[in-house]
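Please work from the sequences and hints to get the whole structure.
2 protein chains.
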Amino acid sequence: MKELKKFLTLQVAGAFFLAVLLVPATTGKASAESEQWSVPVAPGGPFDRVYYPQNAPVGPDTHFGPRSWTQMNLGPKHNAAVDISEKSPEWFHRGVFWRYAEARAWPLSRKIAFGAKTYGEVEAGAVQTQFYGNALGVSEVDGVVYAESDDMFAYALNARTGQLIWRTSPVGNHLMGNPLVKGHFVYLASGGVGFNFANVVRFSKKGRAVRGMDVSYNGIYALDRTDGHLIWHRGSVGEAMPTPAIDGNVLYFATGSGSVHALDRRTGRPLWTTHLKGNDNMSSPAIDHGQLFLAMATPPRLYSLSAKTGKLLWSRTIKGAANTGMGDVSPAVGNGIVIMDTVTNPAMIHGKPTLDPVVEAFDAKTGKSLWVRSLGRGPKPPAFKGGVPMIHENTVYVGSPVNGAYEALDLATGKLLWRWSRIKAARGAPTFYKNRLFISGEDILYMLDPRTGKETGSVKIGGRMGIVSPTIVGGTAYLANTWDWIVAVPVGKFVNP
Amino acid sequence: MKELKKFLTLQVAGAFFLAVLLVPATTGKASAESEQWSVPVAPGGPFDRVYYPQNAPVGPDTHFGPRSWTQMNLGPKHNAAVDISEKSPEWFHRGVFWRYAEARAWPLSRKIAFGAKTYGEVEAGAVQTQFYGNALGVSEVDGVVYAESDDMFAYALNARTGQLIWRTSPVGNHLMGNPLVKGHFVYLASGGVGFNFANVVRFSKKGRAVRGMDVSYNGIYALDRTDGHLIWHRGSVGEAMPTPAIDGNVLYFATGSGSVHALDRRTGRPLWTTHLKGNDNMSSPAIDHGQLFLAMATPPRLYSLSAKTGKLLWSRTIKGAANTGMGDVSPAVGNGIVIMDTVTNPAMIHGKPTLDPVVEAFDAKTGKSLWVRSLGRGPKPPAFKGGVPMIHENTVYVGSPVNGAYEALDLATGKLLWRWSRIKAARGAPTFYKNRLFISGEDILYMLDPRTGKETGSVKIGGRMGIVSPTIVGGTAYLANTWDWIVAVPVGKFVNP
Chain V
1 MKELKKFLTL QVAGAFFLAV LLVPATTGKA SAESEQWSVP VAPGGPFDRV
51 YYPQNAPVGP DTHFGPRSWT QMNLGPKHNA AVDISEKSPE WFHRGVFWRY
101 AEARAWPLSR KIAFGAKTYG EVEAGAVQTQ FYGNALGVSE VDGVVYAESD
151 DMFAYALNAR TGQLIWRTSP VGNHLMGNPL VKGHFVYLAS GGVGFNFANV
201 VRFSKKGRAV RGMDVSYNGI YALDRTDGHL IWHRGSVGEA MPTPAIDGNV
251 LYFATGSGSV HALDRRTGRP LWTTHLKGND NMSSPAIDHG QLFLAMATPP
301 RLYSLSAKTG KLLWSRTIKG AANTGMGDVS PAVGNGIVIM DTVTNPAMIH
351 GKPTLDPVVE AFDAKTGKSL WVRSLGRGPK PPAFKGGVPM IHENTVYVGS
401 PVNGAYEALD LATGKLLWRW SRIKAARGAP TFYKNRLFIS GEDILYMLDP
451 RTGKETGSVK IGGRMGIVSP TIVGGTAYLA NTWDWIVAVP VGKFVNP
Chain S
1 MKELKKFLTL QVAGAFFLAV LLVPATTGKA SAESEQWSVP VAPGGPFDRV
51 YYPQNAPVGP DTHFGPRSWT QMNLGPKHNA AVDISEKSPE WFHRGVFWRY
101 AEARAWPLSR KIAFGAKTYG EVEAGAVQTQ FYGNALGVSE VDGVVYAESD
151 DMFAYALNAR TGQLIWRTSP VGNHLMGNPL VKGHFVYLAS GGVGFNFANV
201 VRFSKKGRAV RGMDVSYNGI YALDRTDGHL IWHRGSVGEA MPTPAIDGNV
251 LYFATGSGSV HALDRRTGRP LWTTHLKGND NMSSPAIDHG QLFLAMATPP
301 RLYSLSAKTG KLLWSRTIKG AANTGMGDVS PAVGNGIVIM DTVTNPAMIH
351 GKPTLDPVVE AFDAKTGKSL WVRSLGRGPK PPAFKGGVPM IHENTVYVGS
401 PVNGAYEALD LATGKLLWRW SRIKAARGAP TFYKNRLFIS GEDILYMLDP
451 RTGKETGSVK IGGRMGIVSP TIVGGTAYLA NTWDWIVAVP VGKFVNP
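Note that the protein sequences, when read in sequence, are chains V and S.
Following our numbering, the numbering of the first sequence begins with 1 at its first residue and continues without gaps.
Following our numbering, the numbering of the second sequence begins with 1 at its first residue and continues without gaps.
Keep in mind that the hints are not guaranteed to be accurate.
Copies of the same chain look alike in the list, so a pair counts if it works inside one copy or between any two.
[To be verified] Here are the computed lysine-lysine pairs in the BS3-like style, where the Cα-Cα straight-line distance is at most 27 Å: (1) Lys205 / Lys319; (2) Lys311 / Lys368; (3) Lys311 / Lys117; (4) Lys206 / Lys277; (5) Lys460 / Lys493; (6) Lys365 / Lys277; (7) Lys460 / Lys352; (8) Lys277 / Lys117; (9) Lys277 / Lys205; (10) Lys415 / Lys319; (11) Lys277 / Lys368; (12) Lys182 / Lys308; (13) Lys111 / Lys368.
Keep in mind the hints are simulated off the structure, nothing from the lab.
Spelled out as structure tokens, the structure:
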């Protein structure tokens with residue numbers, strides 16, 4: 001009965017956070033020896049780390065971009081743009097072009113997702129994003145582009161040349177977020193969308209389930225930034241699909257079991273854990289002025305926690321929020337206002353399922369509702385059901401997953417400034433840089449006049465972009481896509497005319 | 001509304017089989033050009049095929065083992081043993097020793113599964129099997145060992161030396177079965193255990209769900225046997241975790257949507273599809289005298305179909321069968337009798353969940369029940385809930401997943417001949433070769449006297465073996481395990497004393 005006892009203990013502990021630290025890491029550095037084979041990766045095999053120091057940036061190129069990348073889309077406002085000084089090398093301003101085919105790359109010339117004949121074209125796009133490609137965009141720090149892919153690898157590329165510096169797959173699970181970079185660390189978060197059968201049954205009985213439990217390995221993998229070697233890792237029972245957030249020496253992450261964790265980012269040591277209800281699907285925590293903001297699905301709810309203690313400060317829902325909507329969306333925070341959106345009020349119209357995406361603004365301190373706005377009802381989309389909001393100065397930019405429109409709204413009042421309708425599904429946060437708003441839509445990078453919403457130009461990228469925000473550093477836009485490519489395109493002539 | 005329409009069309013078609021044949025394959029051979037990039041795998045990247053012709057067997061070694069491998073565990077009786085002629089080279093008789101670390105290999109010296117601190121030791125073993133390791137054993141044909149792994153790669157190794165001939169990952173999903181080998185083809189079946197959220201909701205509303213739908217890519221991948229290049233592939237909506245079966249030029253496979261398919265194995269062209277209820281988890285079809293035998297879970301039921309037409313001949317359940325039990329078990333067929341087992345009658349005993357595994361024999365022609373036997377109630381195991389039965393001459397050998405006992409039963413009457421209790425969970429089919437019964441249990445290969453059930457010897461393999469049947473060819477036992485290793489151990493001295 002020993003086996004039974006263990007199994008029961010697990011069942012009871014199932015929804016909670018249990019951790020492992022196989023690599024001694026009290027100093028934050030593992031010896032070369034202890035790193036070897038601390039996770040199931042055959043040395044020299046296809047998942048093993050490769051490292052090409054000759055491809056790392058040199059000289060002034062090591063000063064290209066920010067010194068760290070500590071939240072999804074760079075910060076709580078979700079504006080993944082980094083300015084450069086006037087005196088920078090010429091390529092910083094002009095921009096560069098390159099393409100890098102990741103492990104499950106599909107030719108950029110292909111118009112239709114792999115598997116379209118099995119799943120249908122739209123659903124196949126979502127499947128390829130979730131299992132083969134890049135769900136979000138990339139991070140860029142000190143001349144290096146860092147990317148996570150659902151192909152199960154993380155990549156570090158030279159931002160100027162696109163050459164591979166390192167590639168590694170310390171965990172056989174999907175990597176859906178932005179790699180975070182701080183000090184000599186890069187942090188990956190692993191998790192996938194699936195449920196095991198025990199949780200399917202649990203949902204039917206109790207209306208709740210842990211996403212990702214017993215479906216491969218979830219949690220945080222901390223790597224050395226220079227060569228990608230594994231320093232520490234920490235497991236979680238639920239998936240860790242959202243991008244974590246870093247403040248100082250603390251890393252925060254949320255999971256498919258509704259848990260939120262604070263770790264010492266140097267060692268992986270747990271500082272606090274808070275158990276909320278539901279699943280965090282893709283709602284990456286934003287941190288601002290000592291408060292964490294994130295949302296869960298099933299039940300749908302926005303939470304603010306104290307970053308220091310994990311204590312719940314307030315929580316709110318959006319009226320009529322549909323099951324998975326809120327847990328997909330990463331709240332944006334700026335000027336003391338939290339912007340959240342979700343699909344709401346499922347309804348059959350002419351026999352077809354529809355949803356109404358709604359944006360709501362809350363006071364960051366109190367959670368008080370400031371304004372609510374519907375983006376307009378439309379057909380139910382597959383997979384990710386939200387638009388990631390972005391705040392720049394006094395404006396919110398947000399897209400609708402059901403009709404593809406992007407809207408610019410006044411941050412304080414929610415008043416519509418303009419609306420741009422060009423693509424079918426709008427999910428990724430736009431990026432504001434200098435005099436342009438960048439939006440990745442389907443296979444194209446669009447540029448808009450941020451004051452009017454008028455399209456001023458576009459660059460064909462190829463493939464398909466899901467929730468991808470363009471990362472703009474000086475004159476280059478860095479993108480990643482469902483076809484499992486990382487692409488750099490020069491946009492200097494548009495922003496530095 | 002175009003997107004909505006497509007989505008709805010898909011929803012309606014969801015449970016059905018939709019196919020894709022991206023590579024022109026009417027001749028059964030693809031040109032080198034059309035093979036390139038027909039699936040999302042970056043040329044030269046870590047998932048790309050590697051081929052080392054210098055490692056292929058030469059001379060008489062190409063005659064080691066059978067000429068084809070057309071069902072799980074070699075045939076409908078599930079006895080994965082191949083005799084060799086007296087005049088064979090000496091190593092055929094004596095046996096060889098080698099070890100091959102697959103892509104997600106974990107040191108064989110490790111006693112405890114990776115992730116044990118997150119999931120608990122027992123559950124972590126099941127997770128490592130399902131996501132990183134080998135679920136079943138290997139196939140062996142003409143001096144080459146073929147293996148599928150849940151690390152997403154398939155491998156061809158020289159049976160004498162263990163050297164890699166080719167390795168490929170044409171699909172980013174788990175490969176859980178025996179590769180089938182016939183003519184110049186090797187066939188892989190892809191699928192994983194997970195459910196997407198839409199099917200979680202569907203199960204709660206309708207009590208049924210498609211396993212594997214929208215969770216990566218499922219179906220059959222046909223490779224060239226010599227170098228592993230992809231010839232054709234065919235998608236299915238539900239997972240294809242069970243091993244297919246081949247008879248002549250027809251390949252049969254069953255899926256997580258309850259569908260059973262017959263394809264022309266040379267081209268992938270569909271011949272017939274039959275829709276049954278439930279999910280096939282790991283119940284690999286057995287084919288015998290023109291009849292297919294396989295089982296589904298949710299609802300639990302054993303089916304016999306006409307191999308020629310797909311027409312349902314008969315179906316039966318086992319009284320009290322628990323949800324996932326029957327769909328996990330591959331029926332064994334021999335002497336006109338079908339042997340099936342399943343866990344039954346879940347009950348809490350002293351507050352702990354228990355199950356009663358039951359074996360039942362049916363007349364292959366009529367489905368009439370011949371006998372029923374309980375293997376004895378015990379604690380509910382994680383994941384795979386059955387023992388794969390094996391028939392040799394007039395005896396059935398079958399293990400119990402709840403208490404680890406193996407029993408030898410009279411095929412005609414179900415009368416107990418002996419019972420061997422040594423390990424905790426018995427799942428894999430034993431292998432009968434010459435005067436020995438081989439059983440892989442946990443980290444050890446056991447040898448029993450098949451007449452008495454007395455243990456006569458054992459060989460330490462390391463790691464953990466799940467549903468692994470030893471593949472015995474002459475004097476060598478070939479095994480694969482949860483730690484993602486393929487191992488050859490010499491057993492000639494035991495069987496050729």
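Verification of the hints:
In this assembly of identical chains, Lys205 and Lys319 lie within 27 Å of each other by CA distance both inside one copy and across copies; the values are 25 Å within and 24 Å between. Within a single copy, Lys311 and Lys368 get their C-alpha atoms as close as 18 Å, which meets the 27 Å cut-off; across copies the closest is 63 Å, which misses it. In this homomeric assembly, Lys311 and Lys117 come within 27 Å of each other (Cα to Cα) only across copies, at 26 Å, whereas the closest approach inside a single copy is 48 Å. Within a single copy, Lys206 and Lys277 get their C-alpha atoms as close as 13 Å, and across copies as close as 25 Å, so both meet the 27 Å cut-off.
When the C-alpha separation of Lys460 and Lys493 is checked against a cutoff of 27 Å, the pair qualifies only within one copy, where the shortest distance is 16 Å, while the shortest distance between copies is 67 Å. In this homomeric assembly, Lys365 and Lys277 come within 27 Å of each other (Cα to Cα) only inside a single copy, at 21 Å, whereas the closest approach across copies is 53 Å. Neither within a single protomer nor between protomers do Lys460 and Lys352 lie at most 27 Å apart by alpha-carbon distance, with minima of 33 Å and 60 Å respectively. Proximity of Lys277 and Lys117 under a CA criterion of 27 Å is satisfied inter-copy only: 23 Å between copies versus 37 Å inside one chain copy.
For the identical chains of this complex, Lys277 and Lys205 are neighbours both inside a copy (16 Å) and across copies (21 Å), given an alpha-carbon limit of 27 Å. Taking identical chains as interchangeable, the C-alpha atoms of Lys415 and Lys319 lie at most 27 Å apart only when both belong to the same chain, with a minimum of 19 Å there against 64 Å between chains. In this homomeric assembly, Lys277 and Lys368 come within 27 Å of each other (Cα to Cα) only inside a single copy, at 21 Å, whereas the closest approach across copies is 50 Å. Proximity of Lys182 and Lys308 under a CA criterion of 27 Å is satisfied intra-copy only: 19 Å inside one chain copy versus 63 Å between copies.
Taking the shortest Cα distances, Lys111 and Lys368 never come within 27 Å of each other, neither inside one copy (45 Å) nor across copies (54 Å).
In this structure, the earlier hints numbered 7 and 13 are contradicted, and the remaining ones agree with it.
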